[in-house]
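Chemist: Sequence:
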Amino acid sequence: MSSTPEALVEFAASLPFGFDPFQLEALSALAAGEGVLVAAPTGAGKTVVGEFAAHLALSTGTRCFYTTPIKALSNQKYTDLVARYGADRVGLLTGDTSRNGSAPVVVMTTEVLRNMLYAGPVGGGGLDTLAYVVMDEVHYLADRQRGAVWEEVIIHLPAHVRLVSLSATVSNAEEFGEWLVTVRGHTRVIVSDHRPVPLWQHVLADRTLHDLFLEDGSGAPAPSAGAAVARAVSGEELARPGWGAPPTSGSARAVPPATGSARTVPPGAGGRSGDRGRGGERARRRDGRGRADDAARTSTPAVPAARAGGNGAARGDGAARGATAKVGGRVVNPDLVRLAREENRAMPGGYGRGRGGPGAPRRRMWVPGRPEVVERLDRDGLLPAIVFVFSRAGCDDAVTSCVRAGLRLVGPAEQQRIRTIVRERTTGIPDADLGVLGYWAWLEGLERGIASHHAGMLPTFKEIVEELFVQGLVRVVFATETLALGINMPARTVVLERLTKFNGESRVDITPGEYTQLTGRAGRRGIDVEGHAVVLWQPGLDPLALAGLASTRTYPLRSSFRPSYNMAVNLVGRLGADRARTVLESSFAQFQADRDVVGLARVVARNTEAIDEMRAQLSCDRGDAAEYDRIRRDIREREAALSREGTARRRAESAAALGRLRTGDIVRVPAGRRSGLAVVLDADAGAVGAEGPRPVVLTADKQVRRLSLVDFPVAVEPLGRVRVPRSFNPRSPQSRRDLASSLRAADVDPDGPPGRRAKARSAAADDAELARLRRALRAHPVHDCPRREEHLRSAEQVNRLAKETAAISRKVEGRTNTVAKTFDRVRAALAELGYLDGDTVTDAGRVLARIYSDQDLLVAECLRAGIWEDLTAPALAAAVSSLVFEPRGDDVGVPALPGGAALRDCLDEMSRLAFRLAATEQGHRLSFLRPPELGFVPAAHDWAVGRPLERVLTDSGLELTAGDFVRWMRQLLDLLDQIAKVAPDDSRVRRTARSAMDALRRGVVAYASSV
236 MSSTPEALVE FAASLPFGFD PFQLEALSAL AAGEGVLVAA PTGAGKTVVG EFAAHLALST
296 GTRCFYTTPI KALSNQKYTD LVARYGADRV GLLTGDTSRN GSAPVVVMTT EVLRNMLYAG
356 PVGGGGLDTL AYVVMDEVHY LADRQRGAVW EEVIIHLPAH VRLVSLSATV SNAEEFGEWL
416 VTVRGHTRVI VSDHRPVPLW QHVLADRTLH DLFLEDGSGA PAPSAGAAVA RAVSGEELAR
476 PGWGAPPTSG SARAVPPATG SARTVPPGAG GRSGDRGRGG ERARRRDGRG RADDAARTST
536 PAVPAARAGG NGAARGDGAA RGATAKVGGR VVNPDLVRLA REENRAMPGG YGRGRGGPGA
596 PRRRMWVPGR PEVVERLDRD GLLPAIVFVF SRAGCDDAVT SCVRAGLRLV GPAEQQRIRT
656 IVRERTTGIP DADLGVLGYW AWLEGLERGI ASHHAGMLPT FKEIVEELFV QGLVRVVFAT
716 ETLALGINMP ARTVVLERLT KFNGESRVDI TPGEYTQLTG RAGRRGIDVE GHAVVLWQPG
776 LDPLALAGLA STRTYPLRSS FRPSYNMAVN LVGRLGADRA RTVLESSFAQ FQADRDVVGL
836 ARVVARNTEA IDEMRAQLSC DRGDAAEYDR IRRDIREREA ALSREGTARR RAESAAALGR
896 LRTGDIVRVP AGRRSGLAVV LDADAGAVGA EGPRPVVLTA DKQVRRLSLV DFPVAVEPLG
956 RVRVPRSFNP RSPQSRRDLA SSLRAADVDP DGPPGRRAKA RSAAADDAEL ARLRRALRAH
1016 PVHDCPRREE HLRSAEQVNR LAKETAAISR KVEGRTNTVA KTFDRVRAAL AELGYLDGDT
1076 VTDAGRVLAR IYSDQDLLVA ECLRAGIWED LTAPALAAAV SSLVFEPRGD DVGVPALPGG
1136 AALRDCLDEM SRLAFRLAAT EQGHRLSFLR PPELGFVPAA HDWAVGRPLE RVLTDSGLEL
1196 TAGDFVRWMR QLLDLLDQIA KVAPDDSRVR RTARSAMDAL RRGVVAYASS V
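Following my numbering, the numbering of the sequence shown begins with 236 at its first residue and continues without gaps.
Keep in mind the hints are simulated off the structure, nothing from the lab.
Everything numeric in this text was worked out from a predicted model, so none of it was measured.
No more than 30 Å apart at the CA atoms, straight line, and that leaves these computed lysine-lysine pairs for BS3-like:
id : residue 1 : residue 2
1  : K736      : K937
2  : K1046     : K1056
3  : K561      : K736
4  : K1056     : K1038
5  : K736      : K306
6  : K306      : K1216
Start from the sequences, fold in the hints, and give me the full structure.
Modeler: Right under this line is the structure:
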């Protein structure tokens, strides 16, 4: 496909700014008919390339699809393109929104395009006029849950479509580009590491904002504030039209170059150190009379005392006290290293008592509260800011504490604008729901220029926060890491409260890639001459480790692609099994695996040669030392096998004992964090797959937990029984208190043994084969050799290398055609279940081909078994919700099920179906499905029968926020819509599913789906 150069000239003329070199290269390649991969930092302007694809489509009478990973980003890009080209030429397609889908430019989520490709004929006959596909945030293909969709689209797009891939900076962009060439034809790879707005790294420690580094990458001293500003203002970066014209000599940005290490503070920014100017600024903020003028807010912020020498806290004199530490070619601020050393001395178990000797007071580091952090940022001219907290509750608590502290970051005129925007955007929310949504507390924070942003918020509230922040009306946002995923919300400063986060199972360190993604928000192009990343000092912070995070640019893109059941039936139906297998071997996952195989094969060859040489040197004048070593290893392996058999026998006994438990049985958990007495609530919950029975219990401390074989090293025996009321609701605190009280009052010994382990003679003592091997070892001539241990050490080296080589060989075998082998196992499972018959997709398979869910096969089986036929609309909504809901954290309690016997019987049958499918998966070495989760069942049912939002959220028993509720409802509506479309025409489920959708689409659910 070709395009005239005039298209690029015309596009450039429509923009108020010039192009960076990487942008110009990408635009020229696209205009010349090439596909492009553009990898650049957040805020570098790579979306300009995607917008040019839309311009080319409009100018040539073709179509462009602009795909994004999340609905919020789709909405944002749709708004941008409508503003540029008009609503008649731009459409929007997401899971629950369809506007002008036949327009020449359509913004959509990536899943929508994938579904289009599978629904159309082979070769994309229905997409003949499609010329360009933009894949924004294409690095999402590494996402474990959704990443496969990106590869499916890239592989199956018609050959004539030009692909525009936009990615964050990744360390293997060239590798990804090479793969794109193999599947899409010639693709230009453009990588830019340049940040349009320089980023300064800081640590707020001991009441001082320290620079993290004292030198740049070349070893030269870090520039002072004035020098940095003067360079930025006079350079090409800001001189180009549109990216912010250079200020006049009288403006706040026009700062003359500074000398030495002194920092020049711009007018109006306020003092940085000590208490200079603090009182007046605080008074203005708290009495509502505004803050420093706009010139001060858009000027270069005052620079940390670490560079200015303010307060005498960080003048570089730390370097004179000892050797400096370098990370990534830059010197880490020695004062931070000193602070870490002093804090370590003060900690219990630290390596010293400090300079003052045993009687000296211990050093205690000051950790600022959240209002103090905001005040400091405001005083130093570092707002607007995003503060990453990594906790939903922490974000909301931060806003509350700032409001209580009297902070006010906006003036009366801005408050009025905020009220107007909020009123316009929330008019459709029922008044009765505003209180339960936390509307008034949320609005109070907004009117002070402070907000939170996380997945637990109502989507409408999040979108309003985003809009107000971009307009400069919200000055501080406390956010979880989800804010870093694509939404266009740049700030002057990004603050990280901690360098660890909870990943759902444990607290882990953030990775260099995550650190880069989070801090990439700092610095607004055309507004700020530099951005700032601030890490708050926390006990145990290691400045060298932080410097490593800030210096590392290793963010490799790894494929998460694997064939699913839906993918398999679609590919076999469209291409046949053999051709489908070939297509899957062209995936990025297989491309990366094949590259790994080449290097691994070289290691195998090198190791094999070394093993042969070492074996030749292994000799003994008494006999064959290698043979003697082999007998000894056979003895160890036999002993290990006997031990495994004993462990398996005990595990089977424990599993059988768990399986015999009944509701109301009292057991004692012998060890671990769940140790103590517990009463069984549900003996069958989660008993799916190879894990064995996983009963749900109530512990003596009123916690509902799911147990497993890991909790019982010996077979458990009931110690007694208590009555569990039929009305017991494990999500009700009162119900848990009452039952826990009954448990404690039961006549059982809380310290008694959990069960009995039968004493048995060791299997090794009676094993004939083991006795034979031991006799052979003693009779071997090498057994009496004085150099026996030396021979054995040499043999051990050979064995270790041979074992490593065998493991590498297995990796080579495992990675060769690994995607195709998984596809073969998926096909075999589907054939066993009747969804495939060779290359033919059966009627059941055609239903499965139209179900896009990670529970696709279980949904299809439920439809085929007809277990939803007799359900009412609320009961169907409740049953289907168990296939979309996934609990957060350790929330595993079994809710009190509504809806009567029909719903309970249906859920039981769904669990049995899941168990049978898990057995089938296990037989084919697959693990895609999960058992139904009942946690959202009460909420889905209650909402469908018309109960008010407050009742639904409070009675659900979950820690359910409005945002969580709406998100799960959206997914439930999507799956119900699919069920209504694929169910047989004469099926009652088709009508019931539509009725359920009508019942669910009300109140905040309907409002959130319409905006």
